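Participant: Using the sequences and the accompanying hints, generate a full structural model.
The primary structure of each chain is shown beneath.
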Amino acid sequence: RKEVEQDPGPFNVPEGATVAFNCTYSNSASQSFFWYRQDCRKEPKLLMSVYSSGNEDGRFTAQLNRASQYISLLIRDSKLSDSATYLCVVNPPSNNDMRFGAGTRLTVKP
Amino acid sequence: GAGVSQSPSNKVTEKGKDVELRCDPISGHTALYWYRQSLGQGLEFLIYFQGNSAPDKSGLPSDRFSAERTGGSVSTLTIQRTQQEDSAVYLCASSYRRGTGELFFGEGSRLTVL
Numbered sequence: 073r074k075e076v077e078q079d080p081g082p083f084n085v086p087e088g089a090t091v092a093f094n095c096t097y098s099n100s101a102s103q104s105f106f107w108y109r110q111d112c113r114k115e116p117k118l119l120m121s122v123y124s125s126g127n128e129d130g131r132f133t134a135q136l137n138r139a140s141q142y143i144s145l146l147i148r149d150s151k152l153s154d155s156a157t158y159l160c161v162v163n164p165p166s167n168n169d170m171r172f173g174a175g176t177r178l179t180v181k182p
Numbered sequence: 021g022a023g024v025s026q027s028p029s030n031k032v033t034e035k036g037k038d039v040e041l042r043c044d045p046i047s048g049h050t051a052l053y054w055y056r057q058s059l060g061q062g063l064e065f066l067i068y069f070q071g072n073s074a075p076d077k078s079g080l081p082s083d084r085f086s087a088e089r090t091g092g093s094v095s096t097l098t099i100q101r102t103q104q105e106d107s108a109v110y111l112c113a114s115s116y117r118r119g120t121g122e123l124f125f126g127e128g129s130r131l132t133v134l
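In order, the protein sequences belong to chains D and F. Under the working numbering, the first residue of the first sequence carries the number 73, and numbering increases by one thereafter. Under the working numbering, the first residue of the second sequence carries the number 21, and numbering increases by one thereafter.
No lab work stands behind these hints, which were simulated from the structure alone. Computed from a predicted structure; not experimentally measured. Do not rely on the hints blindly, as some may be mistaken.
Claimed, not checked - Only some residues are given here: those of chain D computed to face chain F with a beta carbon under 8 Å:
1) 92
2) 109
3) 111
4) 112
5) 115
6) 116
7) 118
8) 170
9) 173
10) 175
Claimed, not checked - Pair by pair, the computed Cβ-Cβ distance ranges are:
11) 113(D) / 71(F): 30 to 36 Å
12) 74(F) / 181(D): 46 to 52 Å
13) 124(D) / 116(F): 18 to 24 Å
14) 131(D) / 132(F): 37 to 43 Å
15) 127(D) / 30(F): 36 to 42 Å
16) 81(F) / 113(D): 21 to 27 Å
17) 111(D) / 92(F): 28 to 34 Å
18) 129(D) / 84(F): 37 to 43 Å
19) 139(D) / 32(F): 44 to 50 Å
20) 99(D) / 81(F): 18 to 24 Å
21) 131(D) / 36(F): 48 to 54 Å
22) 103(D) / 96(F): 27 to 33 Å
23) 61(F) / 123(D): 27 to 33 Å
Unchecked claim - For lysine-lysine, the following DSBU-like pairs were computed, each having C-alpha atoms within a straight-line distance of at most 30 Å:
24) 181(D) / 151(D)
25) 77(F) / 31(F)
26) 31(F) / 117(D)
27) 151(D) / 117(D)
28) 37(F) / 151(D)
29) 77(F) / 114(D)
30) 117(D) / 74(D)
31) 181(D) / 114(D)
32) 151(D) / 114(D)
33) 181(D) / 117(D)
34) 74(D) / 77(F)
35) 35(F) / 77(F)
36) 114(D) / 35(F)
37) 37(F) / 114(D)
38) 77(F) / 37(F)
39) 74(D) / 114(D)
40) 117(D) / 77(F)
Beta carbons are placed, not taken as given, at the ideal position from N, Cα and C, and that holds for glycine.
Facilitator: Structural data, given as structure tokens:
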């Protein structure tokens, strides 16, 4: 089992739609969770951290379910500019690195 | 600039040659990471440096790969006797400290091994 797993997609949605991505992780002791965004042929950039109580940043909502070991990202009122690959990132406590999922590709169409 | 700088941005080499990739992190960032990303794939962890501590080399795929970080700043990733499967984008990232979550990535070095 991979340490961080994501549905690769692609997700093709119309503008204005609501879309949700899930990510599962294998190390139950993981403490820190994040969503990164990567545009085509660009470097990844932090989108938002994921807090235990869930958190919202504008149209984006992130949630953590420790019991089931998954995190989610919800995007409301999708914009064309949301088209990108969304990477789930987990920081296992026993490792020094940040473990990245393979990413979920989102395309928002007019 | 204030961001992470990587060079070269593109490198084409012949199988069997050695290559060096350079990363200049953001000033003051003590943590430095190397990842590689093959086409359409996620990021594969290679190596992590934190201050003056011994690096975490657990992600290096073979002994042909090595990295160093001089003076706690610039890092060089060396691949000896390159193979075609080494072709990928090599991404360097730095952060103020481990675990903060915000890794600042360079634009990457695209390596093509013919």
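Participant: Compare the structure with each hint and give your call.
Facilitator: Evaluated hints:
1. 92: With Cβ-Cβ at 19 Å, over 8 Å, it is violated.
2. 109: 11 Å, violated
3. 111: 12 Å, violated
4. 112: 11 Å, violated
5. 115: Hint on residue 115(D): holds, closest Cβ of chain F at ~4 Å, below 8 Å.
6. 116: 6 Å, holds
7. 118: Holds, because the Cβ-Cβ distance from residue 118(D) to chain F comes to roughly 5 Å (cut-off 8 Å).
8. 170: Constraint on residue 170(D) satisfied, holds at 6 Å.
9. 173: Where the cut-off is 8 Å and the nearest Cβ of chain F is about 6 Å from residue 173(D), the hint holds.
10. 175: Interface hint status for residue 175(D): holds (6 Å vs cutoff 8 Å).
11. 113(D) / 71(F): 30 to 36 Å: With a Cβ separation near 32 Å, residue 113(D) and residue 71(F) satisfy 30 to 36 Å, so the hint holds.
12. 74(F) / 181(D): 46 to 52 Å: Given range 46 to 52 Å: holds, Cβ gap about 49 Å.
13. 124(D) / 116(F): 18 to 24 Å: Once the Cβ atoms are compared, 22 Å apart, the range 18 to 24 Å for residue 116(F) and residue 124(D) holds.
14. 131(D) / 132(F): 37 to 43 Å: 38 Å, holds
15. 127(D) / 30(F): 36 to 42 Å: 38 Å, holds
16. 81(F) / 113(D): 21 to 27 Å: 23 Å, holds
17. 111(D) / 92(F): 28 to 34 Å: For residue 92(F) against residue 111(D), whose Cβ atoms are near 31 Å apart, the range 28 to 34 Å holds.
18. 129(D) / 84(F): 37 to 43 Å: With Cβ atoms ~42 Å apart, the hint holds.
19. 139(D) / 32(F): 44 to 50 Å: Taking Cβ atoms as reference, residue 139(D) and residue 32(F) lie about 49 Å apart, which means the hint holds.
20. 99(D) / 81(F): 18 to 24 Å: Taking Cβ atoms as reference, residue 99(D) and residue 81(F) lie about 21 Å apart, which means the hint holds.
21. 131(D) / 36(F): 48 to 54 Å: 50 Å, holds
22. 103(D) / 96(F): 27 to 33 Å: Holds - the Cβ-Cβ distance for residue 103(D) and residue 96(F), about 31 Å, lies within 27 to 33 Å.
23. 61(F) / 123(D): 27 to 33 Å: 28 Å, holds
24. 181(D) / 151(D): Holds, at roughly 8 Å.
25. 77(F) / 31(F): Distance ~23 Å between residue 77(F) and residue 31(F) Cα, so the pair holds.
26. 31(F) / 117(D): 24 Å, holds
27. 151(D) / 117(D): 18 Å, holds
28. 37(F) / 151(D): Between residue 37(F) and residue 151(D) the Cα gap is close to 45 Å, so the pair fails against 30 Å, i.e. violated.
29. 77(F) / 114(D): Holds - the C-alpha atoms of residue 114(D) and residue 77(F) are around 25 Å apart, at most 30 Å.
30. 117(D) / 74(D): 22 Å, holds
31. 181(D) / 114(D): 20 Å, holds
32. 151(D) / 114(D): Distance ~19 Å between residue 151(D) and residue 114(D) Cα, so the pair holds.
33. 181(D) / 117(D): This hinted pair holds, its Cα atoms lying about 22 Å apart.
34. 74(D) / 77(F): Judged against 30 Å, a Cα distance of about 19 Å means the pair holds.
35. 35(F) / 77(F): It holds: about 24 Å lies between the C-alpha atoms, which stays within 30 Å.
36. 114(D) / 35(F): 26 Å, holds
37. 37(F) / 114(D): 27 Å, holds
38. 77(F) / 37(F): 22 Å, holds
39. 74(D) / 114(D): Holds: residue 74(D) and residue 114(D) sit about 24 Å apart, inside 30 Å.
40. 117(D) / 77(F): 24 Å, holds
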